[in-house]
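Listed below, chain by chain, are the residues.
Protein chains: 2
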Amino acid sequence: MKPPFKRLTLIGIGLIGSSIALAARRKELAEEIVISTRSEATLDRARELGLGDRYYLDAAEAAEGADLVILCVPVGACGPVAKWIAPCLAPGAIVSDVGSVKEAVVRSMSPHIPQGVHFVPAHPIAGTEHSGPDAGFAELFENRWCLITPVEGSDADAIARLAAFWTALGSNVEEMDPVRHDRVLAITSHLPHLIAYNLVGTAHDLETVTQSEVIKFSAGGFRDSTRLAASDPTMWRDVFLNNKDAVLEMLGRFSEELAALQRAVRWGDGEALYKAFERTRYIRRNIIEAGQETPAPDFGRHVKEPGE
Amino acid sequence: MKPPFKRLTLIGIGLIGSSIALAARRKELAEEIVISTRSEATLDRARELGLGDRYYLDAAEAAEGADLVILCVPVGACGPVAKWIAPCLAPGAIVSDVGSVKEAVVRSMSPHIPQGVHFVPAHPIAGTEHSGPDAGFAELFENRWCLITPVEGSDADAIARLAAFWTALGSNVEEMDPVRHDRVLAITSHLPHLIAYNLVGTAHDLETVTQSEVIKFSAGGFRDSTRLAASDPTMWRDVFLNNKDAVLEMLGRFSEELAALQRAVRWGDGEALYKAFERTRYIRRNIIEAGQETPAPDFGRHVKEPGE
Ligand SMILES: NC(=O)c1ccc[n+]([C@@H]2O[C@H](COP(=O)([O-])OP(=O)(O)OC[C@H]3O[C@@H](n4cnc5c(N)ncnc54)[C@H](OP(=O)(O)O)[C@@H]3O)[C@@H](O)[C@H]2O)c1
Ligand SMILES: NC(=O)c1ccc[n+]([C@@H]2O[C@H](COP(=O)([O-])OP(=O)(O)OC[C@H]3O[C@@H](n4cnc5c(N)ncnc54)[C@H](OP(=O)(O)O)[C@@H]3O)[C@@H](O)[C@H]2O)c1
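In order, the protein sequence lines correspond to chains A and B.
The opening position of the first sequence corresponds to residue 1 in UniProt numbering, with each subsequent residue numbered one higher.
The opening position of the second sequence corresponds to residue 1 in UniProt numbering, with each subsequent residue numbered one higher.
What the hints contain is simulated information worked out from the structure, not anything from laboratory work.
Check before you lean on any hint, since a few could be wrong.
As the list claims (entries may be wrong) - Each computed DSS-like pair below joins lysine-lysine, with the alpha-carbon atoms no more than 30 Å apart:
id, chain 1, residue 1, chain 2, residue 2
1, B, 275, A, 275
2, A, 2, A, 27
3, A, 27, B, 216
4, A, 275, B, 83
5, B, 6, B, 83
6, B, 275, A, 216
7, A, 275, B, 2
8, B, 2, B, 27
9, A, 216, B, 244
10, A, 244, B, 275
11, B, 83, B, 244
12, A, 27, A, 6
13, A, 83, A, 6
14, B, 244, B, 216
15, A, 83, A, 275
16, B, 27, A, 216
17, A, 83, B, 275
18, B, 216, A, 244
With the rest of the complex left out, here is chain A (with noise of 0.2 Å):
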């Protein structure tokens, strides 16, 4: 069968960049992958790699003739880059972006989309804490979901092979509005990053506890949020700056029920903790049934199952 695309372009080739074109070869989707990077350092790697067909520092001549053009930068630089590559668009190409923030990128790369190229936004949620075209790997995408943003005027065939792009990488695609994206993720993506890196920092500058002690005896919580904590701080940044909104919507949530939980520990109040404690296990168990997790025990290294 012949591939779906004859020509994607990515621009970035980070982490996202990188497990687009390892996936997209393995499963044949387009017949020439072509790479674009800001830095030599990171293009010259991608090469080493052999992660494209093709090299180019300069992203607009990258883009020039795909017909699928991928955005894989952070979510600030994509208005810039969307101005860059304007001119040498194909008509009919279809342009996407997988930045975790979708009103702000819609915002700032729609005025320089030429007429006759359909933008489509999207965003795979998959990632790790690791950035870079060493970080990427084919399988990233699998049994995730992928959430496309339809812009006004979004052209259905344009949305409908983006779509059938992802399923092929082994997403499950699902449709929604950019403004509802953005509030969906601040909950269970940006707010969660966002205390991760305030916990771990809090523990960095405690006089009363020593950063070997933290180290050393980092307990399962903590462990977690490190992980998180270690993710890139540009990437982080932009979302912050790109999500403003919802996430203090929800930081302020955050902070008015941690009141409450610190009110009940000072005054011993059990019966609150308690309850607090006891009504958010099933959410955890409906994430285990929907197959987005496993109810494995995971304490920092694999446990191997009964079986395995």
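Put chain B with the ligands on the given structure of chain A with help from the hints.
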């Protein structure tokens, strides 16, 4: 070789008690394992699982003639159980516990320990979010820390024997002052759990994002929190009731730092955000180097490593 203990009595046979039972049996650390728990249902289940040699609902009967008694019950139950078993403790016996808080446990158990019995509190820093006798596994303590927090007048020989027991279970043993223990664990374990409960609770109460959206699109950060927030509510209620001061101290710092981050988000201060996100990375690197974590990406399912 003869097992180092003749009779090991475990009072409480949930995650920690059953893991000790399985590991002690495998490593031949006791000639006989005696089990006691409060409810008939749990005792029956322990018997079905073959976790011990004898089973009692009466903790005092179970403790009789044991040379090592370990309380594996919630922190708040340690005092009452110590009082219950006190009259039956054999002279020279070692009494220990596994509570996640130490100063309060020392305060509540010490008065009940008879002359000639050695009280040596301990805390294995190992756990999962599961509880009950089915949750245990013999490898739980391998390569994990076990902190022993001797009290005034703790017998050096008894400390050494308990340390050897935990070393045989696979743990790295270290001594620490109970007050210091509670401070360290407040930041590495107790606060992270409180935060996780609070985060999942916040998501649960939102009106602007539905439960099913939270469950469906729960990204890595949130999924980790749901794991912590699925932990046993009784155990955690008791932790917060019994480590109030240290938890409130850490929580105060956490909230202060969070207010600063919130301000940076509100004012779009990218530099402040970047700086806050940058400095937390190396802590994880150090934890990995300390052998308490693997660098493998793990976003809720096991990713095969090359060569695995
Ligand atoms: N990481 C995740 O978990 C995850 C998950 C879903 C979506 N996303 C989204 O995916 C996108 C990329 O993330 P990633 O994790 O793949 O990042 P990454 O590994 O750090 O790679 C970023 C790529 O973008 C380039 N870049 C960085 N700043 C740029 C700028 N100002 N202008 C132009 N190019 C720039 C980098 O180029 P050089 O290396 O050449 O400087 C690199 O090729 C982001 O929008 C993020 O929100 C991330
Ligand atoms: N879970 C962890 O991650 C972890 C890690 C390190 C240390 N710890 C500490 O280990 C201890 C036990 O935790 P766990 O996870 O093993 O708990 P678990 O699985 O919930 O088991 C608790 C055991 O204690 C018994 N119990 C509960 N309430 C009691 C009461 N009021 N009086 C007497 N017995 C009572 C239960 O008896 P029935 O089932 O018969 O009611 C059960 O046998 C706690 O002190 C905890 O702080 C836990």
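Hint-by-hint comparison with the structure:
1. B/275 - A/275: violated (37 Å)
2. A/2 - A/27: With Cα atoms ~11 Å apart, residue 2 of chain A and residue 27 of chain A stay inside 30 Å; holds.
3. A/27 - B/216: Status holds; Cα separation ~26 Å.
4. A/275 - B/83: holds (29 Å)
5. B/6 - B/83: Status holds; Cα separation ~23 Å.
6. B/275 - A/216: Holds, because 25 Å separates the two Cα atoms, which is no more than 30 Å.
7. A/275 - B/2: Not satisfied, since the Cα-Cα distance of roughly 48 Å exceeds 30 Å.
8. B/2 - B/27: holds (11 Å)
9. A/216 - B/244: Holds: residue 216 of chain A and residue 244 of chain B sit about 23 Å apart, inside 30 Å.
10. A/244 - B/275: holds (18 Å)
11. B/83 - B/244: Holds, at roughly 24 Å.
12. A/27 - A/6: Holds, at about 14 Å.
13. A/83 - A/6: holds (23 Å)
14. B/244 - B/216: violated (35 Å)
15. A/83 - A/275: violated (52 Å)
16. B/27 - A/216: holds (26 Å)
17. A/83 - B/275: holds (29 Å)
18. B/216 - A/244: Answer holds: residue 216 of chain B to residue 244 of chain A is near 23 Å, not above 30 Å.
Checked against the numbered hints above, the structure breaks hints 1, 7, 14 and 15 and satisfies the rest.
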